[in-house]
Structures are given as structure tokens and as C-alpha cells.
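Asks: Mind docking chain B on chain A? Use the hints.
Number of protein chains: 2
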Amino acid sequence: MKLTILGCYSATPRELTNPTSQVIEIKNHMFLIDCGEGTQVQLRKHKVKFNRIKHIFISHLHGDHFFGLAGLISTFRLLTREADLHVYGPKGIKEVITLQMKLADSWTNYQLIFHELTSTESELIFEDDEVEVYTIPLHHRVYTNGFLFKEKEGERKLKIEAVLKNNIDTAYYRKLKQGFDVVNEDGKLISNKLVTKSGKKPLSYAFCSDTAYKEDIVPIIKNVNVLYHESTFLEQHERLAEPTKHSTAKQAATIAKQADVGTLILGHYSTRYDSLKYFKTEAQTIFKNVELAEDGKTFEFN
Amino acid sequence: MKLTILGCYSATPRELTNPTSQVIEIKNHMFLIDCGEGTQVQLRKHKVKFNRIKHIFISHLHGDHFFGLAGLISTFRLLTREADLHVYGPKGIKEVITLQMKLADSWTNYQLIFHELTSTESELIFEDDEVEVYTIPLHHRVYTNGFLFKEKEGERKLKIEAVLKNNIDTAYYRKLKQGFDVVNEDGKLISNKLVTKSGKKPLSYAFCSDTAYKEDIVPIIKNVNVLYHESTFLEQHERLAEPTKHSTAKQAATIAKQADVGTLILGHYSTRYDSLKYFKTEAQTIFKNVELAEDGKTFEFN
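Chains A and B are the protein sequences, given in the same order. Here the numbering used here is used: the first residue of the first sequence is 19, the next is one more, and so on. Here the numbering used here is used: the first residue of the second sequence is 19, the next is one more, and so on.
Worth flagging that the hints you see were computed from the coordinates, not collected in a lab. A couple of the hints might just be wrong.
It does not matter which identical chain is meant; a pair holds if it fits inside one copy or across any two.
Mimicking DSBU-like on lysine-lysine, the simulated pairs with C-alpha atoms at most 30 Å apart in a straight line are [stated by the list, open to error]: (1) Lys72 to Lys120; (2) Lys263 to Lys120; (3) Lys67 to Lys306; (4) Lys120 to Lys232; (5) Lys295 to Lys215; (6) Lys20 to Lys306.
Just so we're clear, the structure is a prediction, and the values are computed from it rather than from any experiment.
Just chain A, with the same shape it has in the complex (with noise of 0.2 Å):
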């Protein structure tokens, strides 16, 4: 599972800070996590390959979450792309993104297909054999959702000294590590739990911007590898965290304390500071394990 930042600052696009947009590899996916404007020429110069895009969660629409997002519809299209792309987002972002095509008489020659939010409880919204998409529902001006990306269960490891005592024949091996009980060469039923263990656990990241101090997300990220929550404002300026509807690093960190959670990347900071150190030194009063997002760098998990 790696991550990479392609923004993680607030507001306006800057010459060296860019808006919020990230990708997370997981499994054989590569998932595009909101994309403010420039998110395309980040994706260029940070390596990421066009195609192995296809599906886009947009939280919300901010301009500094999507603004990026008809361009680079838009330029999938002229580099003749052709597998479909699905995107995740709130109520009323086909409208805009078609709206856009419209008036551009742009159609795209791939399949564009639309998944809207409307839910204020967390829901399933991607699955497949490998990993799970839920939203987490969070509390900003606009309707707003993060995202929790969950590996599903590996297959199961063979106890191959215990395979080998209960004469299992190795045409069953397959069956065994998906979880069955299967038949020996005896004719007898073996117990699974008898000759596998568990396999690799399976990680998660959840993605938690733009969101006020909400701990009702407490227990839909509990326990999770990897927090990305915002904290736009240091604790000097919980007042405008308040009506702005953004947290502190002190109220990230809080978050991912409740939630025990193993690494808290914070992200999303307003240009007003002038060094980010102060959003790990003030996150590490509550919470030890702080990283700090930064444009174009990665966080590998395992």
C-alpha cells in the first residue's frame, strides 16, 4: 500500500503548494483521491501513469478538492483513453462535470460513469475481491465525505507440518487457503483452523479531509494503519477552525488517539505558517506516531 501526496494545502493553488489530491495503491488498484486544480501536471511530474486510474473519490465541491477534476476528464479523452472511469462524489457533480462537456461539445470516447453521495451514514460504495471503499461522513460547510480504503482478508497460510499429518492430497491446498474444511486421503473431514493460519493482515487508510472535530467518525476508522486527517489550523487558531468548519493539528491528533490508530498524516494546512514543524510538534502532545503530508511525497505501508 503506498500513498502519494500530490497536494495537501488548503484554499488556492500556489507555484509551490498545491490543493488537495492524492493517489493510494492498494492491491492492484490505484485510486485518485480528490483533485484540485493542477492535479494533472502533479500526476505528470510525480510518475503517475494515466491509465491505471479508474476510479476518482471526490470528498467534496470545494474548488481546492475538484477543480482539477473536469481537466483531467478532459485530457483522458484526448490521450484516447478507453476504460471506463468512475467517480464518487457529492450529489451534483455529474451536472457541473457534464455541464462542462457540454459547453465544450467534449464528449468522452471512454465510459464516464457517475456514483453520487447522498448518504450521512457510512456506506459501501466500492468493493471487489480484494478491497473495500466505505465513505466516512464529515462535518464541513458543504456535503462532505472521506474515504476509508480497506484491504479484504488475504488468503489463509498453510500449517504445512500439520497439512502434511492430516494427509491431505495438494489438489486440495488451493481450497484450503481460500478458508475451506476439506476431505483427506482418509475420507475424514479436516478442520481449516486445524492446518492454516491467518494470512497477512490487511491494511486501510482513511482519508479525512475537510472536516471539523467530529468523533463520530471514531468508530468507522478505529484501528486503522494510516489516518490522513486535516488540520488546517494550528491550535492558536481554533477560533477560525470553528466557524470554518476545518480542525487543529491538537484535534487530528485527538481523533486519531481515540481511534488508535498506527500512523496520523496531516495534511490540508493553511499557507498562513510558515513551517509545518509546528502542526507535528503541537499533534505530538496527544498522539506520538505524526507524519506530515507534503507535496510529492510518499508513505509506504505495510
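Replies: Using the frame of chain A, we list chain B on its own:
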């Protein structure tokens, strides 16, 4: 008069090439022409003061000419702009921008005034004491206008010897400069032409992008000091220019020659070519005074 090229490439933004946008400074105005994705970053990079922009002219609603507009309007809001902003562009531009504002629940605290264009004849769309702006109807895949920026005739200059000889009170000098006949100290009417001469010759700039080769524009842009004319392709790719409604460098130069312009600036290059010098060489087979637009380049006209 000063032109700053913010972006002069076609299609998609890349790390080192930006889609169309430019700023023309004429008299006290700073007009922004087109606004592809990333324009606000280019404005910052090239130190254009955001609050000096009060008029934005959008040629057409293809993404590479206007996907940066919603973000720029939003950034003006974040910068607590108060001055009115006038946006000139094809019908539909108001709907698509206001839809994005509605979805973000982010209305501007300044007046945002749309001037939607629908005419297929050249029309005067802006005028004050010093400057006029006309549309230049172009031929592209969607409704498109170029823009002609013209300084008005300035004040006349006094032929000071003639003024003194004709015994004119200094109180009338202002009137003379404005072109009026005046009565002299002896009560005699003095013809303006007798005692003044033309002032500084007014400058003009024509922006023509995107367009197929279109001779109809020649009378509109006749004798302009500077013509920016798109040249997406070289002649070797004329077969691509025709269906996409773009021009070759040679076609741009042919228009420049017919219109007898001062300088031709080429731009809106396809990124398929490894060097821009081919564009200049090709155009110069038809018309001598050719310059190449490049992102960040400025041109001063006198």
C-alpha cells in the same frame, strides 16, 4: 502596451507548458485573456497583481481556455476582493461558473458581472475614455471570439509656435489638445488643425485563438500593431488543422500579411513538436516580422 504570455500551448497543462492565458496592459487596464487551468499560479509566478484585473475575456469554452476561471474567481473571493469583476465570454459561461459556486456554497463578496456573447458579427463589448474592445468572430469547433484591443486617439499636440503666433490664451490649451477650435485674444476663431498636430498614434492588439484559417477577420484586424494568431500545427499537419478547426503557422502568417499587421506573434502550439523554431521559419516564408509566444515571455509595444 505590454503583453505577458502566461500560457501558449494547446490541449492539456503539463509541467513546463501551460494552456492559453495572457495579460494585456493597455492604458490603465490589465485585461486577462483566456484562463486555462493553472492560470492563477502563472499570474503569481509572473507577479501580476490580482487586484489589477477587472476584466476577463474568454474566447471559447474549451477547457484549455477556461478551466482556470472558476478557481481564479474563487481565489479572488478568498483574497477578500471588493472590486467588480467583468467576465466576457460565450453564452453558458455564467451558468457553468454560478453552478460551481452554488455547489460550493461560495458566493463572491464582490460584484461578478457576466457579459455573455452570442453575436457572429464583430461588436464593441467594452469602451471607456481611452480604450475600446471588439470581438473578432472566429471559426472553431464551438462558438469562439478573438478580441481586438484598441487605444483611442490620444490628445492632440500643440504646435507651440503657431499657438503663440495666434495669440491664444493659455487657458484654452486644454481645449486645443482635446481637438476644439478656440477664440483667441483678438476674438478670432482659430481652427484646431492650424495650431495642433496628431498625438501619439494609438496602439492596437488582436488576439485570435482558436481558429481555422479565416480571411473574414482581415478587415477587422487590418493594420493592428500586434496580432497573436494561433498556429497549432505546422503545414505538414494541415490535414489535422482542418477537422480540428485550427491553423498552421503558414496560415497565421498569411492572415498577418493580408491584414498588414506590425508584428505577428504565434502561439497555441501542439505539444507534438520538439522545437518552436519550425513555426517561426515556416511563418517567415510568408511574413517577415514574426515572434514566438512562450510561457512567461513579455512583449512591449510602442
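Asks: Check Lys20 against Lys306 for me: Cα-Cα at most 30 Å, and say if that holds within a copy, between copies, both or neither.
Replies: Cα proximity of Lys20 and Lys306: one copy only (21 Å, versus 55 Å across).
Asks: Measure nothing new, just compare the shortest in-copy and cross-copy C-alpha distances for Lys120 and Lys232 to 30 Å and report within, between, both or neither.
Replies: For Lys120 and Lys232, the Cα distance is within 30 Å only across copies (25 Å; inside one copy 39 Å).
Asks: Evaluate Lys263 and Lys120 at a C-alpha cut-off of 30 Å and name the case that applies: within, between, both or neither.
Replies: between (34 Å within a copy, 18 Å between copies)
Asks: Indicate which option fits the pair Lys72, Lys120 if close means a Cα-Cα distance not exceeding 30 Å: within, between, both or neither.
Replies: Both: 22 Å inside a chain and 28 Å across chains, each within 30 Å.
Asks: If the cutoff is 30 Å on CA atoms, where do Lys67 and Lys306 land: within, between, both or neither? Let me know, please.
Replies: Result: close neither inside a copy nor across copies, 34 Å intra and 43 Å inter.
Asks: Within, between, both or neither: how does the pair Lys295, Lys215 come out at a Cα-Cα threshold of 30 Å?
Replies: Neither: 43 Å inside a chain and 66 Å across chains, both beyond 30 Å.
The structure shown violates the earlier hints numbered 3, 5.
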